[in-house]
Amino acid sequence: MPEITIRDALQRGLREALDNDPNVYLMGEDIGAYGGAYSVTAGFLEDYGPERVRDVPISENTFIGTALGSAVGGLRPVVEFMSISFSLLAFDQMINIGASIRYMSGGQFKVPVVIRAPTGAGIQLAATHSHMFENWLASVPGFRVVAASTPYDALGLLRSALKDDNPVIMAEHVQLYGKRGEVPDEYFTIPLGKADVKRTGEDITIVAFSHGVVIAMDAAGKLAENGVKAEVIDLRSLRPLDIETVLKSVAKTHRAALIDENWRTCGYMAEVSAQISEKGFDLLDGPVARVASEDVPAPYSRPLEQMMLPNVNRVLKAIEENYGI
Amino acid sequence: MKVLERARKTELAELYRQMYRIRVFEEKCGELYARGLIRGFLHIYIGQEANAVGAMSVLRPEDYVVTHYRDHGQALARGLDAGRCMAELFGRATGVSRGKGGSMHLFDAQKNFVGGHAIVAGHFPLATGLALAAQYKREDRVVLTFFGDGAVNQGVFHETFNLAALWKLPIVFFLENNLYGMGSAIGRVRSGGADFQDAGKPYGIECVVIDGMDVMAVREATQAAVHHARSGKGPAFIESKTFRFHGHSMADPVKYRGDEEEERWKRRDPLHTFPRMLLELGLATDKDIEKIKAEAEAEIDAAIKFAEDSPWPAPEALYEDIYA
Chain A
1 MPEITIRDAL QRGLREALDN DPNVYLMGED IGAYGGAYSV TAGFLEDYGP
51 ERVRDVPISE NTFIGTALGS AVGGLRPVVE FMSISFSLLA FDQMINIGAS
101 IRYMSGGQFK VPVVIRAPTG AGIQLAATHS HMFENWLASV PGFRVVAAST
151 PYDALGLLRS ALKDDNPVIM AEHVQLYGKR GEVPDEYFTI PLGKADVKRT
201 GEDITIVAFS HGVVIAMDAA GKLAENGVKA EVIDLRSLRP LDIETVLKSV
251 AKTHRAALID ENWRTCGYMA EVSAQISEKG FDLLDGPVAR VASEDVPAPY
301 SRPLEQMMLP NVNRVLKAIE ENYGI
Chain B
1001 MKVLERARKT ELAELYRQMY RIRVFEEKCG ELYARGLIRG FLHIYIGQEA
1051 NAVGAMSVLR PEDYVVTHYR DHGQALARGL DAGRCMAELF GRATGVSRGK
1101 GGSMHLFDAQ KNFVGGHAIV AGHFPLATGL ALAAQYKRED RVVLTFFGDG
1151 AVNQGVFHET FNLAALWKLP IVFFLENNLY GMGSAIGRVR SGGADFQDAG
1201 KPYGIECVVI DGMDVMAVRE ATQAAVHHAR SGKGPAFIES KTFRFHGHSM
1251 ADPVKYRGDE EEERWKRRDP LHTFPRMLLE LGLATDKDIE KIKAEAEAEI
1301 DAAIKFAEDS PWPAPEALYE DIYA
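These protein sequences, in sequence, are chains A and B. Residues in the first sequence are numbered from 1 upward in steps of one, following the working numbering. Residues in the second sequence are numbered from 1001 upward in steps of one, following the working numbering.
Chain A with its partners taken away, still in its complex shape (with noise of 0.2 Å):
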């Protein structure tokens, strides 16, 4: 199978879409002279023109609620955040507007509209630039909020997600955007909704999403050098939650350890933890270990930054103190 990056996955996607619905256009900050941030749509504007890859001023509600509109009106905005921290700028519309019109109207609109959002810290941009809300978005009835971890789950994400007609989420680590994987040119969807099993093992559930995914195949990876095999679930959706998956592997391993880029307190994984010890605490041979960024804003100088995230070591001390292994 041909290996592709995540970037080359989110652009085979939205190519496609572009290709096939003439009611789906972009639109964001420099995503059309300047390819966007991160590349997503490096040469789009030349392909599609201006009217379907839209190039907007620096509004971030007044963007957003734009599109949520324009979706409203009965076409399928791509929009794109230059990060996931701008959001804050915009959490009115995504939320008064477009995770909620629906309901308050008695279901009578629907609002078809994919949200892209780079996010997550590790690569020293400091407090206003690291945001990771993606658990703050899966707290909101009306949104579906998915985060992607290898160029296989990323295209197939977005794939469903075009074809969904309520506000998707997709988180995009800036971290990933280079990732590597298999992808196969046949096409195939992956359905919102669905956790993964990324690796199976006996002994203990290591449960991530994202760039946690990452961290949690390395740890695996340590894990089995002494013998531990570890299973490694990626919730790839955050909302809705698969936690019949989890559950089902917290069954055969009865130890589970989660891994949150969020911060601490109320971080994702808060609510995994929560669901497990509501629905299979006596699957648990001990306390769930989490780890997850510590409660601090995010600093700039590396080696602070890095103290703060979650990183492999950290794992493995967090499950031996909790499960012995």
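Think of the hints as simulated: they come from the structure by calculation, not from any bench. Just so it is clear, the structure is predicted and the values come from calculations on it, not from any experiment. Treat the hints with care, since some could be wrong.
[As the list claims (entries may be wrong)] Okay, derived cross-link-like pairs now, DSS-like style, lysine-lysine, Cα gap no bigger than 30 Å in a straight line: (1) 194(A) with 222(A); (2) 1305(B) with 1293(B); (3) 179(A) with 110(A); (4) 110(A) with 1111(B); (5) 1255(B) with 1233(B); (6) 179(A) with 248(A); (7) 194(A) with 279(A); (8) 1137(B) with 110(A); (9) 1266(B) with 1233(B); (10) 163(A) with 1287(B); (11) 1266(B) with 1028(B); (12) 1293(B) with 110(A); (13) 194(A) with 163(A); (14) 1111(B) with 163(A); (15) 1287(B) with 1028(B).
[Said to hold, decoys possible] Partner residues aside, some chain A positions facing chain B, computed with beta carbon under 8 Å: (16) 61; (17) 62; (18) 66; (19) 67; (20) 72; (21) 103; (22) 104; (23) 105; (24) 107.
Ideal placement from N, C-alpha and C gives every residue a C-beta, glycine not left out.
Fit chain B to the given chain A structure using the hints.
For chain B alone, kept in the frame of chain A given last:
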């Protein structure tokens, strides 16, 4: 000539009928709120009827309307069923938003009435997006969006004016300047003062200032603005000088403005001046006026009866309408 005169008379009578049924609807809402049958926040439109009625009278069915939270007048003028609007205020299953929106969030997709929005200025981007969809799909429709003077200090006002002008979107921005954002006189909270003549200038959008107590002036200005937007020239902007006779909401004792100011505006109440003009010009008779009033009152009584007789939403409705 006679046909023309007759047609015109019908139109004038219709303008009066619309304004009067809104007035009665709102008066009844006030009573029903006091009786606890309507809950939540209730913002009534009394005094501003000429705006919704005059502006909406020139729209086509396919045009979109997006408005602020003081939205009963807009909803009725757009042709939403009074009974279903009242049922929404009662929180009943038969409400225009199935009881999930309430007073501030009336919607009717069939009428292209896209809310009823309760975050001040929060509906600007939505309205702009609807205009973008119309332009993108080469549809011959415009968006008419209403807002109050309080909305002008929000960032999205400036952002959407910029975007709509930049892309020449078919949208009419209709400012109902009733001089107060809740209890704040606009002149107290806006560096540019209480007049908006120049507010669109930085974006190349010309502002037409009109008397919002004169339904014919509203109608004429909106006609021109809609024509401008429909012909591909980009957004149009109207500032309508108007006044709400009651408080911001039912909880407002109106301590921030004087009786004299209120009395001055009430003397220009379109529900008095307009029918008087029709009578003086011989365009309506006392009998015509009485008939319109009686019919409107009967309509609103029936609307209340419909709301009272309507069922509460079924428990399963709680979980419906979240996802398409």
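If you check each hint against the structure, which ones fail?
The structure conflicts with hints 3, 5, 9, 10 and 12, although it agrees with all the remaining ones.
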